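Asker: Under the numbering used here, think of the first position of the sequence shown as 1, with each following residue one higher.
Keep in mind that the hints are not guaranteed to be accurate.
[Stated by the list, open to error] If you anchor each label on the Cβ, the simulated ranges turn out as follows:
| # | residue 1 | residue 2 | range |
| --- | --- | --- | --- |
| 1 | I12 | S40 | 34 to 44 Å |
| 2 | T30 | R64 | 58 to 68 Å |
| 3 | T30 | I53 | 34 to 44 Å |
| 4 | Q37 | V65 | 17 to 27 Å |
| 5 | L29 | V67 | 21 to 31 Å |
| 6 | M15 | D66 | 42 to 52 Å |
| 7 | V47 | I25 | 33 to 43 Å |
| 8 | V36 | M15 | 27 to 37 Å |
| 9 | L21 | Q46 | 41 to 51 Å |
| 10 | S24 | K54 | 43 to 53 Å |
Keep in mind that the hints were calculated from the coordinates and are not lab data. Keep in mind that this is a model prediction, so the values were computed, not measured. The beta carbon of each residue, even a glycine, is placed where N, CA and C say it ideally should be.
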Amino acid sequence: MENRSVFALDGITGMLIATVLLLSILAGLTVWGLGVQQGSAANYYQVENEKDIKMFSTENATHRVDVK
Numbered sequence: 001m002e003n004r005s006v007f008a009l010d011g012i013t014g015m016l017i018a019t020v021l022l023l024s025i026l027a028g029l030t031v032w033g034l035g036v037q038q039g040s041a042a043n044y045y046q047v048e049n050e051k052d053i054k055m056f057s058t059e060n061a062t063h064r065v066d067v068k
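All chains, full assembly: derive it from the sequences and hints.
Answerer: Next up, the structure:
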């Protein structure tokens, strides 16, 4: 005779555990993303020597300086 319980881990209980786990992962990643976004929004930078910036150059990143 098979175990056909509705509350087995492959039934409603398993679905609820998976749903709660996925929602908690979503909430954690959302909070982490908002923290990263707030930290990046407060980090300003300034462009120096605007006239020396070339259209295609790998040295363009040296013209950006963090103000903070």
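Asker: Could you run down the list of hints and mark each one as holding or not?
Answerer: So, going through the hints one by one against the coordinates:
1. I12 - S40: 34 to 44 Å: 42 Å Cβ-Cβ, so the 34 to 44 Å window holds.
2. T30 - R64: 58 to 68 Å: violated, 29 Å
3. T30 - I53: 34 to 44 Å: holds, 37 Å
4. Q37 - V65: 17 to 27 Å: Holds - the Cβ-Cβ distance for Q37 and V65, about 22 Å, lies within 17 to 27 Å.
5. L29 - V67: 21 to 31 Å: holds, 29 Å
6. M15 - D66: 42 to 52 Å: At roughly 48 Å between Cβ atoms, D66 and M15 fall inside 42 to 52 Å, so the hint holds.
7. V47 - I25: 33 to 43 Å: holds, 39 Å
8. V36 - M15: 27 to 37 Å: holds, 32 Å
9. L21 - Q46: 41 to 51 Å: Between L21 and Q46, where Cβ atoms are some 44 Å apart, the hint holds.
10. S24 - K54: 43 to 53 Å: holds, 48 Å
Violated hints amount to a single one, hint 2; each of the other numbered hints is respected by the structure.
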